[in-house]
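Knowing the structure of chain A, use the given hints to seat chains B, C and D with the ligands on it.
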Amino acid sequence: MTVDSTAGVPKKASGTRRKRVPSRAGSVAPPPQPELVQLLTPEGERVEHPDFSLETTPEELRAIYRDLVLVRRFDGEATALQRQGELGLWASLLGQEAAQVGSGRAMRPGDYAFPTYREHGVAWCKGVDPLNLLGMFRGVNHGGWDPNEKNFHLYTIVIGSQTLHATGYAMGITKDGADDAVIAYFGDGASSQGDVNEAFTFASVYNAPVVFFCQNNQWAISEPTEKQSRVPIYRRASGFGFPGVRVDGNDVLACLAVTRWALDHARSGNGPVLVEAFTYRMGAHTTSDDPSRYRMSEELEAWKLKDPIERLRAHLVREGWADQEFLDSVEAESEQLARRVREGVRTMPDPSPAAIFEHVYADGHALVDEERAQYEAYAASFEGGEVR
Amino acid sequence: MTVDSTAGVPKKASGTRRKRVPSRAGSVAPPPQPELVQLLTPEGERVEHPDFSLETTPEELRAIYRDLVLVRRFDGEATALQRQGELGLWASLLGQEAAQVGSGRAMRPGDYAFPTYREHGVAWCKGVDPLNLLGMFRGVNHGGWDPNEKNFHLYTIVIGSQTLHATGYAMGITKDGADDAVIAYFGDGASSQGDVNEAFTFASVYNAPVVFFCQNNQWAISEPTEKQSRVPIYRRASGFGFPGVRVDGNDVLACLAVTRWALDHARSGNGPVLVEAFTYRMGAHTTSDDPSRYRMSEELEAWKLKDPIERLRAHLVREGWADQEFLDSVEAESEQLARRVREGVRTMPDPSPAAIFEHVYADGHALVDEERAQYEAYAASFEGGEVR
Amino acid sequence: MSSFTMVKALNEALRKELEADPKTLVMGEDVGRLGGVFRVTDGLHKDFGEDRVIDTPLAESGIVGTAIGLALRGYRPVVEIQFDGFVYPAFDQIVSQLAKMHARALGHVKLPVTVRIPYAGGIGAVEHHSESHEAYFAHTAGLKVVTPSNPVDAYWMLRQAVRCDDPVIFLEPKRRYWDKAELDPNAAGAPSRLHDARVAREGRDATLIAYGPMVKVCLDAAAAAEEDGRSLEVVDLRSLSPLDFDTVTASVQRTGRAVVVHEAPVFMGMGAELAARITERCFYALEAPVLRVGGYFAPYPPSRVEETFLPDLDRVLDAVDRSLAF
Amino acid sequence: MSSFTMVKALNEALRKELEADPKTLVMGEDVGRLGGVFRVTDGLHKDFGEDRVIDTPLAESGIVGTAIGLALRGYRPVVEIQFDGFVYPAFDQIVSQLAKMHARALGHVKLPVTVRIPYAGGIGAVEHHSESHEAYFAHTAGLKVVTPSNPVDAYWMLRQAVRCDDPVIFLEPKRRYWDKAELDPNAAGAPSRLHDARVAREGRDATLIAYGPMVKVCLDAAAAAEEDGRSLEVVDLRSLSPLDFDTVTASVQRTGRAVVVHEAPVFMGMGAELAARITERCFYALEAPVLRVGGYFAPYPPSRVEETFLPDLDRVLDAVDRSLAF
Ligand SMILES: Cc1ncc(C[n+]2csc(CCOP(=O)(O)OP(=O)(O)O)c2C)c(N)n1
Ligand SMILES: Cc1ncc(C[n+]2csc(CCOP(=O)(O)OP(=O)(O)O)c2C)c(N)n1
Ligand SMILES: [Mg+2]
Ligand SMILES: [Mg+2]
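Quick mapping for you: the protein sequence lines, in order, are chains A, B, C and D.
In this text, residue positions in the first sequence follow this note's numbering: the first is 1, and each later residue adds one.
In this text, residue positions in the second sequence follow this note's numbering: the first is 1001, and each later residue adds one.
In this text, residue positions in the third sequence follow this note's numbering: the first is 2001, and each later residue adds one.
In this text, residue positions in the fourth sequence follow this note's numbering: the first is 3001, and each later residue adds one.
Just chain A, with the same shape it has in the complex (with noise of 0.2 Å):
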């Protein structure tokens, strides 16, 4: 078949003009949505796949529980944090925290993260000190942890542009003969970007051992996923030549596995794979951002009832792997977390103005070194010797 057969094959070339229907953007009729990949309900079953399959402990699926609470506690913390103004912003992972934690406990130490602003519970799964990511967002630097430490990397805002960095970065590890791989997460909205298109040219192309990880959270900003593509996501990856997969994004579980077998795949020198994690952005896009401009409250009703973490909870309740006491130790270290959070923020240092002329250069620059002189003298010149 000549015709790609997904998408509208012509019957017969029609030598007479069909009457044009008008057609305005958007209104285009919605495909049917793919069914996802899922191996616990919302209603916390168990249930098996024929392509991913999963083997836990009950200590594992604590484990993951902790996680979850934990990130989802931390993440709470900082929204506070944001409207106490100890933060200028705040990006919330509200209802993606399945995604992250399931695509963050799929990677191996050696593996490497390339996440976008949001993905404080990757950054978690990696080892992360939380109050690390706080920094940009309380505007005492712009990222600034050592990514090579947790082989995580620095939060990116410029939409799309990491996954070009990932892809390089997974070029390298093929050049080096490792085993490692490379997650590089993004949004739906960042799926229309050229740069990520680029990346999965040159992930291709190249074979990468890279793993495109699109958190579809169903908005970017105000505009919904339709608003960037007319098919699912995870099928952008075939027009490149390589597997999509769409998962459950709020099935911890089905995040995992899913994960765990695209980082296999890729590492295997099968080249990279796509995973959609459907999910819901259940809070706004940022603190600075009112949703209510914009979308249904219903929408997040039924999107409630899809909760990751209640889901888990469930399973963990029903199979007898999780009592009260071990609910409560988690809720208590989620406070204890939190405090410590609160705590490392508000004691945080300010940057020293000369931090300006700092990194600017790896190897020095004459025009920085200048102005920094000029900096300090003028600043010397104000009684207490420092300008604010």
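What the hints contain is simulated information worked out from the structure, not anything from laboratory work.
Treat the hints with caution; some may be incorrect.
If the Cβ cut is set under 7 Å, some of the chain B residues that face chain D in the computed set are [claimed, not checked]:
id, residue
1, 1157
2, 1351
3, 1368
Here are the computed lysine-lysine pairs in the DSSO-like style, where the Cα-Cα straight-line distance is at most 30 Å [to be verified]:
id, chain 1, residue 1, chain 2, residue 2
4, D, 3110, D, 3016
5, C, 2180, C, 2016
6, D, 3023, D, 3216
7, C, 2016, C, 2046
8, B, 1150, C, 2046
9, C, 2180, C, 2110
10, B, 1150, C, 2110
11, A, 150, D, 3110
12, C, 2046, C, 2023
13, C, 2110, C, 2216
14, D, 3046, D, 3023
15, A, 150, D, 3023
Which stretches of chain A does chain D cover? Using the computed rule of at least three CB atoms under 8 Å from a CB of chain D, they are [claimed, not checked]:
id, segment
16, 171-181
17, 188-200
18, 334-342
19, 359-368
Cβ atoms here follow ideal geometry from the backbone N, Cα and C, with glycine treated the same way.
Chains B, C and D with the ligands only, in chain A's frame:
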């Protein structure tokens, strides 16, 4: 099915790590090539295709033949003119005549073409005087014809850019409620550019009446198509939710039928189509290029057997629709065209130096006016009053 | 006359232009139902519909590239880039296509595209949300570059930009978005031409030259200097390309001293061109070299140190002192 | 010592760096089997293999973006952008990522990426093949920008650029690609530091300041002026960011007059910064304002009028006359 079925479905998520098969860029085995839409075999035999039919009169076929011959002759003359120093550069379409004349003839006058720098055959079909095309290659302008006169946009050199212009133009057609459509031409190399993929997104999201016509001539300067994609390019479309078709780009009738269908599909409100015309760049990339550095002459020999003009001539002769007189008259006409082009180029006036300052702005700009005055005063200070 | 913030003034300007010409379009990320992250397009989607106020996919090159195509079809798109730092993916479409296509076509096509960009710092934002990149655009022939400093100019300059047949980069100083002024949006026409600089305050001892967000800083500095008995003239450039050197040099001829103030790094910034050209034109009138106050040669810093990076009253007056002491 | 064209010198520099460090890579469009459209990478693919000399897909943002990723993994990529006018699709990756990532990471990561760009005009090319965009890069903190004027500098400067731990925009003046000079590629080290300007010719009456393709024009002008009894000094900047103002101002302090020459449009070009800073530093030594000779404020024109656009000996000497007559 949740895993896209067209690429590498996992049988089962393997718990064990497969041994990594080291793989190098380009070493992935190319997938089997899909069958092409073909209506005229290389031997000149008319065949039917289940999805695309075409009705033609002998007269129409003769007109098509004439187009092909004249376009090739014009192109050959331009190459010769470059060798003689009359042009600074020439980008030959040799081998791609059928793709261009077939798609060019599929357009109605109201349809708009956005070419690259190689669409001399499309220009011909749209009624653009070939002499106009030579200005930029001679260095007297950067294009300079009125795109709206024949609905043929200026040549675009920055790879892929024009696909976005074409998409925007098509969005405008939809807003106008008009019955027109657009063709965006681009190459196999261009398919890697972010812009082209963004055009796919915009076109599909807004359901714009644009046909993306990719002439896959197997090469982007020295890089074979495998450096751009590991699957056939027409398949890219399905990932964006619109149909993709691969057509024999050396079969003018198939190109005509498929493009006509695609344009009708687009203008009827069904959104974009990607047509991949599978063809071959028989010459150098441009007159500056030396393909012997990077490709085998056997490849060229194989493609010679698929020559787009030969097969139509064979067909016409076999059917008794073209006699020697007709063939001679086309030949004569092509010589006449070549002569006109030759003379036209040789007498093409150089722009005046002050042309630099013209048309920089539509509404004027003080600095341009000032610099122009300065230049004129400076020029006047020389004997003869003008500097070169 | 009523009180308008700059946001409201810009909103009203867009509304007026959408009403005046059915070919005028507004497009960008979140400009529709949300009304833009700064609410500059608030209500336009509701009143003009999604065919004219268009939420685009998240792809800046695509936005500018399709706007070019729409312009070729006879439309007059007003594009919003959500923040300064996100215009770079569209740089190729702006520099190689938008700026050059009119010349390439020997005038046969026009590109009446306005690219609105909330720019510059001072709002405590994260990275990429505070950049001043006017120099890139001003150096690019084929573009016009303007930036208002107050709501009244914002209103009239945006209306003129939309009507201009050339591409206009319209830089909106986001820290001035909530400044207020009295404006009559139904007045007969703009108080002055798009490209004229404006003497925002008269003075004798030195000329402060600024635009966009820094005009207010300079006016404040001039007010403070007055208390010290110094009379500073403030010129608000309004247009960076073309740049109205007549107004600038007339002022410097009178005062003999000039200080240029902008947020962008000094090195290769607008101040360099102003200094070079003022010196060419006023060589014998200058009592001191033209001095420049601007951002440092470093990425825009985290918000907790942005005040150090941004020129303020003290730094401006320090430069005035140095000029006067020369 | 043997005779090298600039192309051959650059080729040899790449070869030496590929030999010296297995982490060094060459990547770009057609840099492999073809050896680049200018043959700067000729033979490298054959000798170092496709893992180290990489033909990339046709996507400049992708090239620079993946080079960044490779650098993060410990590689040292030397990227080729095929022609000046094709760097803009990569502008976002260059300006927002390559330039800023080291600072963003507080120094935790380094980006030793060299971006080679054949630039500027004078070879009779079609549109987008003759642009001088050094001002965009020089205005961008985090980048270093250098441009050689001759084969010897090309060789040593490229080797230093590849070894530099910062991103370097390496601008190759394509009209000088076939100029020849004697070069010993096995000499102990670079004749001078990467960022020093060089007095290419000594003189007393005025200083010509140039870089890349215009150094030869200025040297020719100085030779012609000598016949008229005028002694012109020529400074070859070599590095545009950082810019060695000490060498420049030392010269202007001596001569009292300066003319800056570049192909880019004068408006907001390097000449503006040089004029501004020279005037700041040499205010009392200047006998005339710093004058600028450059391209006009227009898209680079069709090749049949490029000679009018490009500064030449006559235009340089005309500016010298104006300076001396001031
Ligand atoms: C290149 C670029 N353009 C615009 C923005 C502004 N912006 C920040 S987040 C965002 C929406 C992103 O949506 P999506 O990719 O779905 O990620 P999500 O925020 O939903 O996680 C936009 C438009 C940006 N950061 N970068
Ligand atoms: C953005 C950009 N990068 C690089 C180039 C240089 N270049 C000109 S043509 C070409 C190859 C194009 O290949 P393809 O798209 O297959 O078209 P073809 O020339 O085969 O018709 C390249 C790399 C360019 N013109 N634009
Ligand atoms: Mg989203
Ligand atoms: Mg090709």
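Right, here's what the structure says about each hint:
With its C-beta approaching chain D no nearer than about 5 Å, residue 1157 of chain B sits inside the 7 Å limit, and its interface hint holds. Hint status for residue 1351 of chain B: holds, given a least beta-carbon distance of 5 Å to chain D, under 7 Å. For residue 1368 of chain B, the shortest C-beta to C-beta distance to chain D is roughly 6 Å, which falls under 7 Å, so the interface hint holds. Distance check on the hinted pair: residue 3110 of chain D and residue 3016 of chain D sit about 22 Å apart at the alpha-carbon level, within 30 Å; holds.
With a CA separation close to 19 Å, the supplied pair residue 2180 of chain C and residue 2016 of chain C stays within the 30 Å bound. Restraint check for residue 3023 of chain D and residue 3216 of chain D: not satisfied, since their Cα atoms lie roughly 36 Å apart, outside the 30 Å limit. About 15 Å separates the Cα atoms of residue 2016 of chain C and residue 2046 of chain C, which keeps this hinted pair within 30 Å; it holds. A C-alpha spacing of about 38 Å is found between residue 1150 of chain B and residue 2046 of chain C, which places the hinted pair above 30 Å, so the restraint is violated.
Proposed proximity of residue 2180 of chain C and residue 2110 of chain C is contradicted: the alpha carbons are some 35 Å apart, above 30 Å. Taking the CA atoms of residue 1150 of chain B and residue 2110 of chain C, the gap is about 17 Å. The hint holds against a cut of 30 Å. For a cut-off of 30 Å, the pair hint linking residue 150 of chain A to residue 3110 of chain D stands: about 17 Å separates their Cα positions. As the CA atoms of residue 2046 of chain C and residue 2023 of chain C are separated by approximately 17 Å, the hinted pair is consistent with the 30 Å bound.
Under the criterion of a C-alpha separation no larger than 30 Å, the hint pairing residue 2110 of chain C with residue 2216 of chain C is inconsistent with the structure, at around 35 Å. The hinted pair formed by residue 3046 of chain D and residue 3023 of chain D meets the criterion: a straight-line CA distance of about 17 Å does not exceed 30 Å. A hinted pair counts as satisfied when its Cα atoms are at most 30 Å apart, and residue 150 of chain A with residue 3023 of chain D qualifies at roughly 23 Å. With 5 residues bearing a CB less than 8 Å from a CB of chain D, the segment 171-181 of chain A meets the requirement of three and the coverage assertion stands.
By the rule of at least three residues with a Cβ nearer than 8 Å to a Cβ of chain D, the coverage given for the segment 188-200 of chain A holds, with 4 such residues. Residues of the segment 334-342 of chain A with a Cβ under 8 Å from some Cβ of chain D number 0, which does not satisfy the need for three, so the listed coverage is violated. Under a criterion of three residues with beta carbons nearer than 8 Å to beta carbons of chain D, the stated coverage of the segment 359-368 of chain A is upheld, 9 such residues being counted.
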